[in-house]
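Chains as they are written, first to last, in our numbering: chain A, 1 to 321; chain B, 322 to 642; chain C, 643 to 970; chain D, 971 to 1298.
It is possible that some hints are incorrect.
[Said to hold, decoys possible] Rough simulated footprint, nothing fancy, chain B against chain D, three-plus residues with beta-carbon under 8 Å:
1. 987-994
2. 1065-1076
3. 1127-1139
4. 1147-1154
5. 1279-1288
Please keep in mind that the hints were generated in silico from the structure rather than gathered at the bench. Computed from a predicted model, the values in this text were never measured in an experiment. Quick reminder that beta carbons are idealized off the backbone N, C-alpha and C, glycines included.
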Amino acid sequence: MKYYAAIREALRCELERDPRVFFMGEDVGKPGGIYAQSRGLQEEFGVERVRDTPAGELGFMGAAVGAALTGARPVVEISFADFIPVCLDQLVNQAAKIRYMSGGQARVPLTVVTFGGAGRNAGPQHSGSYEALLGSIPGLRVVMPSTPYDVQGFLKAAIRDDDPTIVILNKALLGLADDSEAGVEPIPFGEAAVRREGEDVTIVAWSAMVHTALEAADRLAAEDGVSAEVIDLRSIQPLDGETIGASARKTGRVVTVQETVSFAGIGAEVAAEVSRRAFGWLDAPVQIVGPPFTPVPFSKLMEEFVLPDAGSIVRAVREIL
Amino acid sequence: MKYYAAIREALRCELERDPRVFFMGEDVGKPGGIYAQSRGLQEEFGVERVRDTPAGELGFMGAAVGAALTGARPVVEISFADFIPVCLDQLVNQAAKIRYMSGGQARVPLTVVTFGGAGRNAGPQHSGSYEALLGSIPGLRVVMPSTPYDVQGFLKAAIRDDDPTIVILNKALLGLADDSEAGVEPIPFGEAAVRREGEDVTIVAWSAMVHTALEAADRLAAEDGVSAEVIDLRSIQPLDGETIGASARKTGRVVTVQETVSFAGIGAEVAAEVSRRAFGWLDAPVQIVGPPFTPVPFSKLMEEFVLPDAGSIVRAVREIL
Amino acid sequence: MGIQPELRLQMYETMLRIRRFEEETAALFAAGDLPGFVHLSIGQEAVPTGICAALDPADTITATHRGHGHILAKGADMGRMMAELMGKRTGYCAGKGGSMHISSLDLGVLGANGILGAGQPIAVGAALSARLLGEERISVTFFGEGASAQGGVHEAMNLAAVWKLPVVFVAEINGWAELSPYSDHVSVPSLVDRAAGYGIDAASVDGTDVEAVLDGAREAVERCRSGEGPVLLEARTQRWHGHFEGDRQLYRPEGEVAALPELYDPLVLQSDRLLELGIASEAELDAIERRVAEEVAEAVLFGRNSPESAPEDALLHVYSTDGRGGAA
Amino acid sequence: MGIQPELRLQMYETMLRIRRFEEETAALFAAGDLPGFVHLSIGQEAVPTGICAALDPADTITATHRGHGHILAKGADMGRMMAELMGKRTGYCAGKGGSMHISSLDLGVLGANGILGAGQPIAVGAALSARLLGEERISVTFFGEGASAQGGVHEAMNLAAVWKLPVVFVAEINGWAELSPYSDHVSVPSLVDRAAGYGIDAASVDGTDVEAVLDGAREAVERCRSGEGPVLLEARTQRWHGHFEGDRQLYRPEGEVAALPELYDPLVLQSDRLLELGIASEAELDAIERRVAEEVAEAVLFGRNSPESAPEDALLHVYSTDGRGGAA
Ligand SMILES: Cc1ncc(C[n+]2csc(CCOP(=O)(O)OP(=O)(O)O)c2C)c(N)n1
Ligand SMILES: Cc1ncc(C[n+]2csc(CCOP(=O)(O)OP(=O)(O)O)c2C)c(N)n1
Ligand SMILES: [Mg+2]
Ligand SMILES: [Mg+2]
């Protein structure tokens, strides 16, 4: 199944399963989504449950929070993660805190689906992801599936979960296919996946960069005879420190790779986990590979220049071998 | 001079110095600010240059961006850092990126002054600071002065600088006095201050936690005979990796302390700097001291429980000695 | 539809409960017994009272930072409110929210809110879920002139109008937003002027007169229940106290504050009416006064005698699954 | 005030420049020669043309994601625009912005914007600085019905109204926001209905008729310049192409798109008028057509022949002081 179709499959399954679930966002209803991610769902479930919104994210994100508070289970799409800043208050001051501020009375079973990621020449305002920001908010959960299988599993888990969860999808992966079929079970939050086992170095990645990391691991094996372990974080909040720590203790060397700027990012948090759990085992400092500290430029050449590729990972690994 | 008065002093100085400078925010004009931080300025400089805004931060933050783009030098106050999410788009997608997106044509000489910090029983929606979020946005500068002297120096530097700078002040420090007087010179961004020299361990802090760190250092000296170096970051973006690295190489042990949750925070970034610059010198993993992963609770007892105090720092130091 | 005598009396009592509760709150704050920020609605009691008198228990409200009145009028227990103000374990929010964040999901109070313009989209969502789940309830949201400048209020009104949802937007106009007057925040004489921009019905009522508020509320609620979409109801009222306790209101024209009780006391207006219409006697009003005084005294006692929240309870309620905080 | 013949002709040429530039853009995109997202304003040329014809060079505009027309009408060079679309070094933004972010500070183009509702507060700020710095210029901001749902548009209108700033809010209503119709986004027949909520003047004009737009714009600009505060000007127009290039508009009623050129072509309307009034002959119009075709061809050539931006130039312009990116 393809990545975009996995979104639709998970939504269909949950809409069918639970009448309290509904899906809304810009152009997700009648037009079926700008990536066909919800095509056919409005025909199947009606305009009340698959709903086109006005182009005001603050309003409909807040409405999702209010609906979640009062018995419904909204799934709301923010078509680009870059639009999260216009509705951020409803996420960080409302959805994330309402249960806490209410002393445990309230539940906010909200799922946010959004499209992040760079590499498509979408320019500075359409290439962001915001996983570090969202992951650092107590009360929110954040997942970033890198495969169609994970899209289905995490989206279902998010919708069935009683807390607000942000599912950050990646635009660059929309056409990616794997052999998953309908019926994937929900995946528990907080479990990373070891995508490739290795002995010499651990490469930690998430979202689209997982595939880049696997490419780098192939190159390292072929060109350097180096056996790299590749960990796909999958879940940003909670983060699977255990899997990271175990791998770091085994290999003694860790490289993280991300497509968002690394200042106070998930790479730094992974490094902190490694330091907490594997300090005595480390043979080299954790290498955090990420773009330089700039917005994402429009031009192809410039965008390619700032984004990490397999070569950047290979170089970082070689530096600590 | 007191911390709150240093704000006023810096504003007065810059308003006098440059007719393009103006100051606006909620209740900063006629009422003189809820902390008296701008008392008297409207009388002195008039309603056009010291301006009360409607209670819509997105609108007036955007207006500040537009004014900065067209020749003025706005200083805009967001009375609580917690309100930054309602106007975040104007900071991260506009102010921070406009120069870049314009290929260097534009300048955005914008200064944002905001009040962060917990410890005042202000509850979950009035105790945030957001330094990690803001610090991780290319195009923005972020400073967090811990003394009245630094308030004056950084505020002046921010106003004279041609790029958007966020000055995050701390509510808990408003009444703090030092022996600074009017006329402090602008302080260059990116230079941390060593507040106390020491040999055995480096404590890195910023904003209110600098004072807590100094208290901890006193206790460590008295109770354990441990000599702690205390570094006040002052500037979050750019971060002074050099000073941090040099101290870490000297002491071999680093503890960071922050009052915001530490997941993918500035502590993690400091730890990453330490790892990059002092890996071979480290005798222990960097300890990141921060509150547990929760919103800031209202009740005094609960708030005290979550916030780090000198005792938390002392314990963290003892753990790695 | 006329107003039943019992309801007229009951609304008087509700207003008195709000007044005495907040007077006591002011005293406790002045004595240093209450932490944090406290915003009082003394002088504005008729607004939440008249509105909530038109509601069913299942209907929901979102309150503001100045929300004690909204929440009491929706039926909250004074003791648990006072305990919350004191940060005690028995408070509505187990001491985690404080004055600015009281909620009672059971009573349909979706929460006071420390962020202007945030409650309005949430209220739209409550109306949306009602439709989706086939529940009859409507949704009410309070906000002031200050908040009316927020994008969230606009987005909420637009959304409710486009989707024809049963939301009553109550604009509680007390003349001030923090330390600055109405005219610093709004460019039109009345927020009713905003309604045409969304194609929704609107009315303005005297927010000092609880029966005028009730009349307006009933009409608005009626429209909502019959599926005609959202309504904007403006209530013009007066803020007697400072923006927060401790604010001495030096920015207000000399004498203005002192004159308010004489000119705009919703309690006097209603008690005069009750006496005049023979609905209550002085003695009956005195009895209410005593009952309310007792309720307040008990609430304070309840708050004081309640156990402190355990510090480590700060770790609870971040997520619903684990009870404890998630990551470190 | 009548419209001078030269201006009538000039506006025709401006519209034609926009049309041909965008037709060429569409062709290049279809051929795979342009990266990223491209939103075209074909069919809407009369709006920016009529508006900008009423402006002085010092006046500023903020444009939208569908901004080529706005920017060309404000005087931009086609070659540098085409180069920007191609991501070349000679583009207005040195290839960093692309179609959605073109700006030219020299021409008063404060930028197209990829975020709905963001340009309006920025435009308010430009008017604010004009007042502060004692400059005569006014500020114009374009937005569509989709963006009108954003809180930023409301906050900007409110702010401009409270402060009586010289801002013209141009609501460019093309019937669609992305893939969904006007009625999904707005609950009133016309955005003019919003103006009363801010106490500002408003008018609606036929956005297919460049002279009607110019008349409306002149009146709005006049009010602004004379210090009467902001104005809302609605222009009803039609979007011929998809939301972005590549969008086949399958969601539109059968035949609607095909009928648009027949019914709503601002170029035909104006050329017919010019011929009828004897302001131009067929031959003169042909000459304009050839001139514009040449300009477009040159622009494409300029773009193609321009040097690629150096990859490492990605590090420039993050901050103004260092020229290079700040932190790692
Ligand atoms: C987003 C946001 N901005 C600013 C504030 C600070 N603030 C708290 S109350 C207030 C004034 C509110 O005025 P109004 O809406 O009229 O309500 P009132 O206080 O008069 O009841 C302001 C500006 C806030 N809480 N949230
Ligand atoms: C904040 C934000 N939300 C959503 C989008 C995605 N988006 C781009 S254009 C558009 C529709 C805009 O419609 P309108 O304002 O009518 O302008 P038009 O495209 O018709 O010119 C949307 C929803 C965006 N760019 N920014
Ligand atoms: Mg008010
Ligand atoms: Mg449109």
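Here is what the structure says about each hint:
1. 987-994: Result for this restraint: violated, n = 0.
2. 1065-1076: holds (count 8)
3. 1127-1139: holds (count 3)
4. 1147-1154: violated (count 0)
5. 1279-1288: holds (count 3)
In summary, the numbered hints that this structure violates are 1 and 4.
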